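Asker: The residues making up each chain are set out below.
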Amino acid sequence: MKITKEEVKQIATLARLKLPEEKVEIYQKQFSAILDYMEKLKEIDTKEVNPLYSPAELKNVFREDEVKKDLDREEILKNAPKTDGEFFIVPKII
Amino acid sequence: MEFESVIGLEVHAQLKTRSKIFCSCSTSFGQEPNKNTCPVCTGMPGVLPVLNKKVVEYAVKMGLAVNCKINKYSIFARKNYFYPDLPKGYQISQYELPIAEKGYLVIQTQKGEKKIGITRIHMEEDAGKSIHGSGDGLSFVDLNRTGVPLLEIVSEPDLRSPEEAVAYLKALRSILLYLEICDGNMEEGSFRCDANISIRPRGESRFGTRTEIKNMNSFRHVQKALEYEIERQIDLVLDGKEVVQETRLYDPQKNITKSMRSKEEAHDYRYFPDPDLVPLDLEDSWIEEIRASLPELPHVRYKRFLAEYGLSEDEALTLTSEKELADFFEQSIALGVEPKKACNWILSEVLRLLNEKKIGLSQSRFTPELFFKLLGLIEKGVISGKIAKNIFEPVFMEGLDPEKYVKEKGLIQISNTGELEGIVEAILAKFPQEVERFQQGEKKLLGFFVGQVMRATQGKANPQLVNSLLLKKMG
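Same order as they appear, the protein sequences are chains D and F. Numbering follows my numbering, in which position 28 of the first sequence is assigned residue number 28; successive positions increment by one, without gaps. Numbering follows my numbering, in which position 470 of the second sequence is assigned residue number 564; successive positions increment by one, without gaps.
The hints are simulated quantities; they were obtained by calculation from the structure and are not laboratory data. Hints should not be assumed to be uniformly reliable.
EDC-like mimics (lysine to aspartate or glutamate), calculated; alpha carbons at most 20 angstroms apart, straight line [stated by the list, open to error]:
#: 1; chain 1: F; residue 1: K483; chain 2: F; residue 2: E443
#: 2; chain 1: F; residue 1: K129; chain 2: D; residue 2: E25
#: 3; chain 1: F; residue 1: K264; chain 2: F; residue 2: E416
#: 4; chain 1: F; residue 1: K129; chain 2: D; residue 2: E48
#: 5; chain 1: F; residue 1: K129; chain 2: D; residue 2: E43
#: 6; chain 1: D; residue 1: K5; chain 2: F; residue 2: D362
#: 7; chain 1: F; residue 1: K129; chain 2: D; residue 2: E6
#: 8; chain 1: F; residue 1: K147; chain 2: D; residue 2: D84
#: 9; chain 1: F; residue 1: K147; chain 2: D; residue 2: E75
#: 10; chain 1: D; residue 1: K78; chain 2: F; residue 2: D362
#: 11; chain 1: F; residue 1: K110; chain 2: D; residue 2: E22
Quick caveat, the model's predicted, so the values are computed rather than measured.
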């Protein structure tokens with residue numbers, strides 16, 4: 001196993017996922033399989049190959065610095081879990 | 095045992111673009127909550143960020159101004175963490191291949207000039223703001239600031255005292271203001287600073303365990319927080335205890351730092367290249383165009399002011415710290431104002447009003463032309479220096495012509511000997527005892543008589559003339 005149960009739990013915590021105990025082992029196996037595959041890829045000599053940071057062959061995609069208004073606040077706040085018409089309201093986080 | 099401190103600073107500077115870094119929302123400050131938001135900056139599914147070209151231009155500008163190597167090939171990364179004011183669950187930042195690296199700037203210290211290394215400069219988006227309700231168990235999130243462009247500027251651990259740290263911050267802020275890419279307002283948070291700090295016995299070359307200090311909203315806070323933290327770390331070591339690697343918050347009310355989170359609780363950001371944004375591959379010609387647009391920078395101007403105008407180091411440093419002030423100074427001199435005089439007035443009267451009104455020079459109505467006229471009135475003896483100071487505020491704030499103003503208010507100096515003689519005689523007649531004391535050698539009473547004449551003339555009497563008349567009459 002490339003990865004411990006504790007590491008699986010830590011990854012779940014970082015992703016804010018609640019992982020039932022019985023799933024931990026499943027993910028442990030799956031994660032390890034992914035890492036094994038990565039190991040296999042490592043066998044290829046990539047010394048002369050630059051890292052690929054984007055699959056798109058585009059570069060330098062810019063917009064000009066211009067202000068545009070797409071939606072009113074009312075529309076935006078429709079997606080809020082809770083709102084008073086001004087703020088997104090969430091459970092207290094401090 | 096003697097200790098030295100080792101400090102590195104991380105500055106976040108908000109860029110003065112009109113629109114946000116990855117969407118077309120306005121960056122205007124002080125809007126109603128969530129007015130400056132759209133599906134991109136609120137992290138709605140399916141949206142794509144598109145980079146604001148101005149942000150790249152400003153980042154390159156700053157990189158060049160602090161002698162960095164510009165990475166023509168540069169990419170964006172996702173920094174992952176959960177917080178309600180970060181709607182996507184990640185901040186778009188740069189990690190590998192930041193836009194600029196390996197620069198430096200020069201600060202003035204008591205021991206002379208010192209080069210402070212700049213590790214890297216990268217572009218990123220700001221987060222929103224949360225207001226925490228009291229007792230209702232709720233937090234209120236405003237995403238207007240989400241996506242406002244920031245430059246993160248990281249220094250090498252080259253600073254050795256709180257004074258050097260503050261000098262570095264002032265120099266950095268000054269450069270940002272000269273480039274006109276950031277408004278530098280620490281209280282409003284458009285110029286923010288975190289510090290990494292450790293101590294070690296003097297002569298030791300290894301670093302001690304460091305702490306990170308946050309929440310310092312003014313130069314004074316930075317100075318105080320670092321002083322406190324150095325003391326705290328030295329006390330720990332002298333007591334045989336260990337400094338713990340942790341993040342600490344500065345509390346300006348109590349003037350202490352307190353633990354916020356330790357290394358074990360430290361974030362694990364899992365950076366990876368952002369697949370939504372394509373790489374940058376800047377043209378040399380664009381970089382050279384930006385280089386050519388750089389203004390004369392504060393340090394160069396400082397040296398020129400020293401050499402050209404015979405100012406002291408402090409005077410030259412203050413004048414050149416803000417471009418507006420330095421420009422005003424030089425425009426006044428071009429009109430014929432004497433450098434030393436211009437400097438004295440700007441550093442005393444002008445700065446006093448700017449501080450009092452909490453404004454910048456461009457928000458006043460004062461011009462070099464008005465300044466030239468005002469000083470001309472003193473020189474020609476039309477008004478005294480004291481009257482000039484009295485009328486300075488209306489001239490400065492409302493842009494009133496000092497020549498007209500002085501005439502209208504009847505403030506023209508009395509330099510007519512005959513007229514003053516009568517007033518002086520009346521005063522002497524009113525205070526016979528004081529005259530006697532003066533004649534018996536109590537020479538400091540001269541000031542009293544000058545004051546009385548000034549009061550009688552509402553400050554309009556020519557002081558030199560009053561002095562000589564008094565001495566003549568009583569002598």
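Asker: All hints, please: hold or fail.
Answerer: Verification of the supplied hints:
For a cut-off of 20 angstroms, the pair hint linking K483 of chain F to E443 of chain F stands: about 8 angstroms separates their Cα positions. For the hint linking K129 of chain F to E25 of chain D, the alpha-carbon distance of about 47 angstroms lies beyond 20 angstroms, and the restraint is violated. This hinted pair checks out: K264 of chain F and E416 of chain F have alpha carbons roughly 10 angstroms apart, not beyond 20 angstroms. For a cut-off of 20 angstroms, the pair hint linking K129 of chain F to E48 of chain D is broken: about 50 angstroms separates their Cα positions.
Between K129 of chain F and E43 of chain D the CA atoms are separated by roughly 53 angstroms; this puts the pair beyond 20 angstroms, and the hint is violated. About 18 angstroms separates the Cα atoms of K5 of chain D and D362 of chain F, which keeps this hinted pair within 20 angstroms; it holds. Taken as a hint, the K129 of chain F and E6 of chain D pair is broken in the structure, with Cα atoms around 43 angstroms apart against an allowance of 20 angstroms. For the proposed pair K147 of chain F and D84 of chain D, the alpha carbon gap of about 35 angstroms is over 20 angstroms, so the pair is violated.
A C-alpha spacing of about 28 angstroms is found between K147 of chain F and E75 of chain D, which places the hinted pair above 20 angstroms, so the restraint is violated. Restraint check: the Cα-Cα separation between K78 of chain D and D362 of chain F comes to about 32 angstroms, which exceeds 20 angstroms; the hinted pair is violated. Under the criterion of a C-alpha separation no larger than 20 angstroms, the hint pairing K110 of chain F with E22 of chain D is inconsistent with the structure, at around 52 angstroms.
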